[in-house]
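Listed in order, the protein sequences are those of chains Y and G.
Just so you know, numbering that gives the first Met the number 0 puts 32 at position 33 of the first sequence, and the rest follows in order with no gaps.
Just so you know, numbering that gives the first Met the number 0 puts 23 at position 24 of the second sequence, and the rest follows in order with no gaps.
Take these hints with a grain of salt, some might be off.
Going by beta-carbon spacing under 8 angstroms, a handful of chain G positions derived as facing chain Y [to be verified]: (1) R4; (2) F73; (3) V76.
Calculated directly from the structure, the hints in this document are not laboratory data.
Bear in mind the structure is a predicted one, so any value in this text is a computation, not a measurement.
Ideal Cβ placement from N, Cα and C applies to all residues, glycine included.
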Amino acid sequence: MIALVKEEIRSHELIQQIVVPEAGALVTFDGIVRNHARGRKVQYLEYESYGSMAKREMEEIRAEAIERWPLTGLLIVHRLGRLEIGESSVFIAVSAAHRGDAFEACRYAIDTLKQTVPIWKKEYYDDGEVWIEGYGA
Amino acid sequence: MIQVRLFASLKDIAGTDRIELETEGPLRVRDVFERLVRQHPELERYSTVVQRAVNEEYSSWEKEVVSGDEVAFFPPVSGG
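Start from the sequences and build out the full structure, keeping to the hints where you can.
This is the structure in structure tokens:
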């Protein structure tokens, strides 16, 4: 499952989709909105996407991961719009028969998403806002 | 007509997220961006980092586009 959503990500409901009888491991990554960045206090974030292309890129990550590791399920959900501190911006869940494959595929999925999926965050501070450009920027 | 889509800071600089460009023959992606810079000179400072996509797939500067194609320009991504 691949999705871009405007509402809260309900991770506990989502994982039910990939916890299948063949799975022996479930690895999840939850990206959380943090209250500081680059030495500044962050009030909230806004995410914007090139929606149709973002979904294609997310599908490609999913397809590549399924080809490289023996998985039983993989889902990627990214939230858009305004997010408050502590909310989940991205949720990735991977299930596999064995934990090694699930860990590696989950790491691959989030690292690749941050480099290829056309989504941008804008950080809002007490005294202004800035578009963040680039992975690790 | 080539449809140009702009995102994030590039959209803010241009003041719009969509621009339509008239074209007779094919244009390279590079030519499309140069036309945008002529309309919005502030975009020039993005010329070394801007990411390009044609019809929702990452593209080189040299790719040729024709009427009906959608060309997108955006800053390095920062999702996650």
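Evaluation of the provided hints:
no., hint, in the structure
1, R4, "holds, 7 angstroms"
2, F73, "holds, 6 angstroms"
3, V76, "holds, 5 angstroms"
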